[in-house]
Every structure is written in C-alpha cells, then in structure tokens.
Amino acid sequence: MSPNYIAKRLMMIVYTLFIVSLIVFAITQILPADAAVMMLGENATQDALAALRENMGLNAPVWQQYATWLGHVLRGDLGTSLRTGQPVGPVMFEALGRSLLLAFLSIGLMLVLAIPLGIIAAVRRGKIADMVVSLISYAGVALPEFVTATLAVLVFADLMKWLPPTGYVPLTENFGSGIAHLVLPVCVISVILIAHVSRMVRSELVDVLHTDYIRAARLKGISRGKVLRRHALRNALLPTITIVALDVGYLLGGVIVVEEIFAIPGIGRQLIVAIQARDLPAIQAGVLIMAATYSIVNFIADILYAWLDKRIQYD
Amino acid sequence: MTDFIKRLLGTPQGAIGMVLVLLVLLVVLFGPMLAPHDPEALSPLTRYKGPSLAYWLGTDQYGRDIFSRLLIGARATVVMAVLATIAGTLIGALIGTASAFLGGRADELIMRTIDAVMSIPSLLFALLVVNLLGSSTINALIAVAIAFAPGMARITRSVALSVRKQDYVNAAIARGESSGYIIFREMLPNVIAPIIVEMTIRVSFAVMLFATLSFLGLGAQPPAAEWGLMVSEARRYMHLSAGILIWPSTAIAIVAVGFNLLGDGLRDALNPRT
Chain C
1 MSPNYIAKRL MMIVYTLFIV SLIVFAITQI LPADAAVMML GENATQDALA ALRENMGLNA
61 PVWQQYATWL GHVLRGDLGT SLRTGQPVGP VMFEALGRSL LLAFLSIGLM LVLAIPLGII
121 AAVRRGKIAD MVVSLISYAG VALPEFVTAT LAVLVFADLM KWLPPTGYVP LTENFGSGIA
181 HLVLPVCVIS VILIAHVSRM VRSELVDVLH TDYIRAARLK GISRGKVLRR HALRNALLPT
241 ITIVALDVGY LLGGVIVVEE IFAIPGIGRQ LIVAIQARDL PAIQAGVLIM AATYSIVNFI
301 ADILYAWLDK RIQYD
Chain Y
1 MTDFIKRLLG TPQGAIGMVL VLLVLLVVLF GPMLAPHDPE ALSPLTRYKG PSLAYWLGTD
61 QYGRDIFSRL LIGARATVVM AVLATIAGTL IGALIGTASA FLGGRADELI MRTIDAVMSI
121 PSLLFALLVV NLLGSSTINA LIAVAIAFAP GMARITRSVA LSVRKQDYVN AAIARGESSG
181 YIIFREMLPN VIAPIIVEMT IRVSFAVMLF ATLSFLGLGA QPPAAEWGLM VSEARRYMHL
241 SAGILIWPST AIAIVAVGFN LLGDGLRDAL NPRT
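Protein chains in written order, with this note's numbering: chain C, 1 to 315; chain Y, 1 to 274.
Next up, chain C with everything else stripped away, as it sits in the complex (with noise of 0.2 Å):
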C-alpha cells in the first residue's frame, strides 16, 4: 500500500465533502422561505425582514454566501441554530456522540451474529441449518425498523416488562440503567445488518469454498475444519470489511429512526428535529457530519483492507 495511494484516498474524502456540502447548500438555497423569514416568523413586517437579511448577507449572490458559510465550516464554526440561538457545531458532535456509541454497539452485535451465522450456511449449504439462516435473514429485512422498534417495545418493555421503553441514560451517570436502555435499539439496528452480512458471508464463502486451491488443500488430506479456518475464512471474510463499512450509510439512516422512537438524543434524533423546524445551519450541519462520518469509515475499510490483503496493489 503506497503513500499515493493513502493521499488519492484522503483527496476522494475531501471531493465527497465538498460535493455534499454543494448539495446541502443547494438543497437550503431552494427552500421556499429564506432563514430570514424563518427566525421572525410569516408577520414580519418587510422593514424587519429587509434589515435581517442584509444583516445575516442574504442579499449577496449565492456563489457569495456559499463562499462565505464553507469559510466558516472550514474554521470550525458550523453556524448558530435558527431554533435555539446556540452554536451547532458543539450540539451536533455531542449528539453525533450518542449515536456512534448506538452505531458501534449494533456493529458489534452484528458481527459476533451475522459472520457464525453465514458461515454455518455455507459449510452446509442446501441442508436444514442453511434454510434457518435464510429465513432468519428474510425474517430480517421483512419489516421497517420503525415496525420492528414498535414491535420490541410492545412485547419486551409494555408485555414482558424486562426493558424499559424508550429513554437515554448517560452510561457515565448510571451504567446498568444506561445499557438496559440500549439494549432494545441496538437489536432493532443490528436485525437488517444480520440479515445483509450473514448473507454476504455465506456468499462468499460458498464461492471460495469452490475455488481449486481449496480443493488442493483438500486433496493434500488436510481436515475440513483446517482448511476452513486456514485457507477459506481468510480470503471469504476480507470482503465483509467493505461490506460492513457501506453499510455504515444504511445504518446512519436506521439510527435517525431508531433514535426518534426510543427518544435518544443522538445525531438522528438533532436532524429530525432541525429539518421538522426548517433550521437550516442546524440541517447544514448534521448532513455534513454525517456524510464525514460515511466518508472516515470506508477510508478506514479500504486501507484495512489494502493492509489485510497482500495480493491488492493499489496505485
């Protein structure tokens, strides 16, 4: 892996980041009322309106004001939030916090799930166990996660009584109370991740397990279980990196759900309530976070990979 390589990578974040933020810009300039309208209200009086756009620099040209908010955002300064009056930057990285503590338990969940349960699929392929799988996964992505949440919190917290529904507990402050209240968007998270991975995994799996060097290693009087753990795992698990770090983008999107039915207050949860209120640095904000946080994970997976999988020369 070349330092070229690395730099090439680190240029496509910047482009992704500065496309998104041309769309998030774009996708504020088209809404039909301007921030002016906005913080005053539909009675302002035009004297009002007039002076606060001028104030704010809504009379420049819009290459102008773009240049000018994308100045701020390289600074740091993310803007100040029409609703509150407060800086965004600040609210949304505490918030974007939360939701990468959520983000990253359900990986977890998925991967300790999803990877025995493919391979379970591929090494009997055609036989009842890989059946179960399949159903489990169809099972996974039958319903939205706002029906699954719903569902959860109907028999686990309202019938069974053994979680508690909705709500956020700081771990730091009370850390028993503080998982119970994750345990149930965390399952609901990881229940399509599961679903895609272990389908995945089996997939390749069942591919590598027909490739002739697996049949060498066979012939060469090795065990099944040696040349699964030796030689297949290996090449069959590399791709599930990338799999899972595009996954990131669906799981974003899950979060956003998930925080609004359990009431966490994560990134998710910041975005609804900015695009319900129309706050547009707030809206701005939370976009550009989370496309960054997309764009850092796969970096991650494609050098992880590169690293893991010597036969990849990239240039």
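Relax, there's no trap hidden among the hints.
Taking lysine to aspartate or glutamate pairs in the EDC-like style, the calculated list, with each CA pair at most 20 Å apart, reads:
1. C:Lys8 with Y:Asp107
2. Y:Lys165 with Y:Asp107
3. C:Lys8 with Y:Asp115
4. Y:Lys165 with Y:Glu108
5. Y:Lys6 with Y:Asp268
6. C:Lys127 with Y:Asp268
7. C:Lys8 with Y:Glu108
8. C:Lys226 with C:Asp212
9. Y:Lys49 with Y:Glu233
The set of hints was computed from the structure by calculation and includes no laboratory data.
Keeping the supplied structure of chain C fixed, place chain Y upon it in accordance with the hints.
Leaving out everything else, chain Y in the frame of chain C:
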C-alpha cells in the same frame, strides 16, 4: 422464456416469491373492488374489535375495517414503491451506462460524485427532498427515486463495464456509430438482466422507505390507508389492541419478503453457473 420461468419456479425462493408478488398484484388490481367496508367510514361504537365475520381482521382506533383499509392501501403503498424504484433505476441506469461508456476521466468524475452523493444516507436524502418540496405522496415518490439513483448507477456501471469490453460494442465503435446509439441500442439491452434483479429487491426497500417517511409525517397524510401510515398511527393505540399494529406490519412484511425472494430467484435463474 418458458425454460427461464421453469428455472425461476424451480427454486424455492423463486416459487414462493412469485406467489407472494402475484398475490400482492392481485390485491393492488382488485383490492378496492373486494373491500367489504368503506375504508374511511368511522364508527365509534365498533372500535378495537377483534377479528369477526363482519370485520375479518378487526377494526382500528376509529372503528374502521382494517381488512378494507389494507386492500385499498395496497395501491398507495406498492404502486408508489414500484414507480419510485423504476424511476430511480432509469435515472441510475442511464448515468451508470453513460459513465461506463465514456470511461477515463469522465467516468472517474461521475463515479466519485456518485460516491459523494451516496455518503448521505438515502433516508436522510429523502427526508431533505420531501421537506424541501413539501410532504405529499408524489414528492415522496420523487425523493425515493432520487435516493435510489446513485446506487443503481453504481451497479449498472459495473455491469456495463464488462459489457463495454465485448466485441459487439467494439464493432459498433468501429462502424462509427454515435455514443448515444451505442449506449441505448448496444449496451443498455445487455445490462438489463442484472438490473432487473437489483430492482426487484429494491422494491422492498422502497416500500420501507415510503413507510418510514409516512411514519415521520413526511409521506402519505391521514386518513390515507397507506400501510406505513397505518402502523405509525396505530403506535399510540397498540396497548388497546395489538391487531391494528400487527396486520399492516404483516402486509408490509409480505410485500418486502415477496420481492426479496423473487429477486433472489431471478438472480439464480439468470445466472447459469448456479
């Protein structure tokens, strides 16, 4: 063709998927005619009823017949999802094929831009578009179509790249055909099979995206019988009757699993290696 259908129905996924999708299509076509009750007729005296002869799946929080609402809501839910998927696929397929054909720097630029757009989660993208255009069913359709386009473009491109190397494309270039002719007449027809597979599976994602948009108050509006909206309205009353939550959820699940299975069946039937 008959051979293909035989192979499709030969796999358990293909057969079950086909049955479920056909069932859904029948409901979409004839559902409104079969509905035993007016889906929007309120009857305060028969709220939260369990299944009975008069109300096959019981009644909801306003005393409306759940079965009739499901039959009529199928159009809002499934037709919208299919249309949005087709629209998104067409846009994506066009971009992907063009990108693969152009190659070089143009391809690089297009794909990096697609990657950039994909870094915004599709649900978030749809939320932004709907919020910008105003919440209505048509706008939700546009939003989902736009959200799907980049992913479809990426898949189409990778398929088209392998087609691009085929001799008949080189022959067309040698004949001096225009880029438009080569993209539309030579390449697109040959990238269609894998795209149809992907599209079938994506219909189920579209159903979920629509349902989620309705849940967040940005898709179909009450008193529409859209399934996602039915679930989200039922959430507040689920303690009183689980049925109002479970039936529309089941309907969504049947559509999602049906299209997923059909897609997998199509993939197996189209792939000669398996």
